[in-house]
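There are 2 protein chains.
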Amino acid sequence: MSQEEKKDETTVTQFLDAVAGGSATPGGGSVSALAGSLGAALVEMVVNLTLGKKGLEAHEAGLKKILEEANSHRQSLIATIEKDITAYQEVMNAYLLPRASEEEKKTRKEAIQKSLKKAADPPLFTAVTSLKVLKLCQEVIAKGNPNAISDAAVGALLAHAALYGGVFNVLVNLSALEDKHFVEKMKKELRRLEDEGTRIKEQIMAKVGEKINSK
Amino acid sequence: MSQEEKKDETTVTQFLDAVAGGSATPGGGSVSALAGSLGAALVEMVVNLTLGKKGLEAHEAGLKKILEEANSHRQSLIATIEKDITAYQEVMNAYLLPRASEEEKKTRKEAIQKSLKKAADPPLFTAVTSLKVLKLCQEVIAKGNPNAISDAAVGALLAHAALYGGVFNVLVNLSALEDKHFVEKMKKELRRLEDEGTRIKEQIMAKVGEKINSK
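Protein chains in written order, with the working numbering: chain E, 1 to 215; chain V, 1 to 215.
Think of the hints as simulated: they come from the structure by calculation, not from any bench.
Worth double-checking, as some hints may not be accurate.
Because identical chains cannot be distinguished in the list, a pair is counted as satisfied if it fits within a single copy or across any two copies.
Derived DSS-like pairs (lysine-lysine); straight-line CA-CA distance at most 30 angstroms [unchecked claim]: (1) LYS54 - LYS105; (2) LYS54 - LYS106; (3) LYS207 - LYS188; (4) LYS188 - LYS211; (5) LYS117 - LYS211; (6) LYS215 - LYS83; (7) LYS132 - LYS207.
No experiment lies behind these values; they were computed from the predicted model shown.
Chain E on its own, in the form it takes in the complex (with noise of 0.2 angstroms):
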């Protein structure tokens, strides 16, 4: 059975257990991007409860746009839970490696060096991601179905958690890491993640606080 299939079959129930267990794979990083695609799979069933309704054609060709976008955002976010555990089982692996001699240790350290930087890909790509679906509930709340409003909501909030999710389990591993300006670069980068993700989920926040009151 190849990874793909396996991970196809794991239950919500399985999936919990494996994350509640004691061993370090899947945690944070890989919850993170499941909160992402949870996210997106709110704004696909926002627009499917808005296409084809009496009184709500006027952002159909938009709304089918959202749709597709949200669903690959949703099967890439899928394929990085499993590509965080990855990731993290290198870096475990690399810091077993041996270094009784000189030469081990510097072969050891390099190895380390290089699985920390490449950990930090899945966590990064979970942020940028499910920035872009924060953007897409933003545009189903203006243009969606107002009964689903409380859907895009939840959408919204789980894609600002999958990005600080994101965010966080990048920076946790900066600190091992040697290359200053890549160190500097990255928490420049999850800044402006950050601050773009919160001024959107705030905005949201108040349209839809607006939206719920007036019903």
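Dock chain V against chain E, hints included.
Relative to chain E, chain V alone:
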């Protein structure tokens, strides 16, 4: 196959497909409950990565109690996924009741009001329980394995999102309720949950930022 067994066998992919699809359930209410249970699972993970570890014995008894509580919240939140679906379907069924005669109109209206009140229970439970999970996150950040700080942080993000998701899902139903005393009481309770949740989340984020930066 009982409903309980069916739920246990749902794969992650199937659940996401069901959310994304064009039916009103599972929606934001169920996703919020799942987000809360993911937060609880991450609390369990941090405890399991702490118990038995050298140098981290100080809080063993307290951590075991946290583990039990988090596991219980995880199970009850998972059960809420299905309860939210059932409650929503009862609201839909009430709206579908016949309304030809005055008597039918009266019966239908009473059934709608009753089902709407009942539909507040699952998301309110999600909000209340996710606040408890958030408090457990704060405890494991103080007492748990510092290497699992990002896992506890993601747990807090998910629990906070679940709390707000629960609140939104109660709020959207309140507007159609005629029992103003019930509505006011509920709104007050929701505000209390939001305020306490946000206060604790902000404390957690400050502490996590501090711990990650000092690594």
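Now the hints, each set against the structure:
1. With identical chains, the CA atoms of LYS54 and LYS105 are at most 30 angstroms apart between copies only, with a shortest distance of 25 angstroms across copies and 68 angstroms within one.
2. In this assembly of identical chains, the alpha carbons of LYS54 and LYS106 lie at most 30 angstroms apart only when taken from different copies (28 angstroms versus 67 angstroms within one copy).
3. Proximity of LYS207 and LYS188 under a CA criterion of 30 angstroms is satisfied in both settings, with 29 angstroms inside one chain copy and 21 angstroms between copies.
4. In the homo-oligomer, the alpha carbons of LYS188 and LYS211 lie at most 30 angstroms apart only across protomers (19 angstroms), although the nearest pairing inside one protomer, at 35 angstroms, exceeds that limit.
5. Taking the shortest Cα distances, LYS117 and LYS211 sit within 30 angstroms of each other only across copies (21 angstroms), while inside one copy they are farther apart (43 angstroms).
6. Within a single copy, LYS215 and LYS83 get their C-alpha atoms only as close as 43 angstroms, which misses the 30 angstroms cut-off; across copies the closest is 25 angstroms, which meets it.
7. In the homo-oligomer, the alpha carbons of LYS132 and LYS207 lie at most 30 angstroms apart both inside one protomer (18 angstroms) and across protomers (28 angstroms), since each shortest distance falls under that limit.
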